[in-house]
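**Student:** Under my numbering, think of the first position of the sequence shown as 765, with each following residue one higher.
There may be inaccurate statements among the hints.
[Unchecked claim] Think about it this way: if two alpha-carbon atoms lie no more than 27 Å apart in a straight line, the pair counts; the simulated DSS-like pairs of lysine-lysine are: (1) 859 with 786; (2) 873 with 843; (3) 873 with 888; (4) 888 with 859.
No wet-lab data here; the hints were simulated from the structure.
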Amino acid sequence: MRAVFLSLLMLAAAPASAERVKDLARFQGIRSNHLVGYGLVVGLPGTGDDNLVFTLQSMRSAASALGVQIPDRANASLKNAAAVMITAELPPFAKQGQRVDVTISALGKAKSLRGGTLMLAPLKGADGETYALAQGSLTVGGFGAEGADGSRIVVNTPTSGRIPGGALVERTVPSPFGNYDHLTLDLMTPGFTTAQAVADAINAHEGRMVAQAVDSVSVRVTADGGAAQQVALAARIENLDVDIPRPAARVVVNARTGTVVIGGDVRILPAAVAHGNLTVTITEDWYASQPAPFSRRGDTVVTPRSQVSAVEDKARMALFAPGVRLSDIVSSVNALGAAPGDLVAILEALKEAGALRAELVVI
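Using the sequences and the accompanying hints, generate a full structural model.
**Tutor:** In structure tokens:
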């Protein structure tokens, strides 16, 4: 019997649950900013870029800034240096002198960044301004080793590393927080019911009408006073518990991994499903065709011989009763003997027939 593997992650139906506002929404205008930079890692044990042109240019520029002039015709071999790209995330309200983590990734043909040190490099934002300066010794989780015959083994990624607290903030990013007479909450998962529930919870806690759901994403909260009063209000709001409704009925299918997630509120109208598999087998064989004995004519010829057979498994039919629940869906699908790949086709057919009362999402 053909083994069937069906991976179903089941979400049981449950009543409305309480969630904190900070887990549901973020205050508008409070966001991180991405930084990027180019730099040079030195001190590598012969695993650098060797003689790449842009690495040589970086070395000459770095040496020139320190008062050392390297002739253009100098025969330099930079096996101990590598050109890298630097990325970091500048958190909101970051002040001058604070440290942020940076990620270093090899840009050229360096084999490993283990043991390297990043030279001072500026980190810029999308506006081209420098917001931080990075420098320090790398921590690399990957490892690589190479033999004299060219054989090599690599564990994880040795061409990427991090410097915890490796960048110093040099410029602050202005924040609109505290500049207006209101605060705006943006839901991470849009929904009119959730937005209204958040507004009702805020009004109940404050004892007056200060919050209003603007749309399915935003909740506007009136904030009197200056920045200190708004900080106190934001602290009270983000720790409030909100009774949110169950999510919409949804079936999510990952066709690549065969993972199927079925929400607890998924329902199916009366439907009958038949499922069967057709297996086609083609066998190729070769045999020699020779002339008759004592024949003076003809040559020995090798010709192919093909055999094609088709076997179709017996189709099984399952009946879905009206209003069937999650456990019944799983039992019926298992009874059909459907593999994860076949399950996608069954769900799509049920949706097309109008029997699946849920949103079908294929990722």
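**Student:** Honestly, which of those hints from before does the structure not fit?
**Tutor:** Result: no hint breaks.
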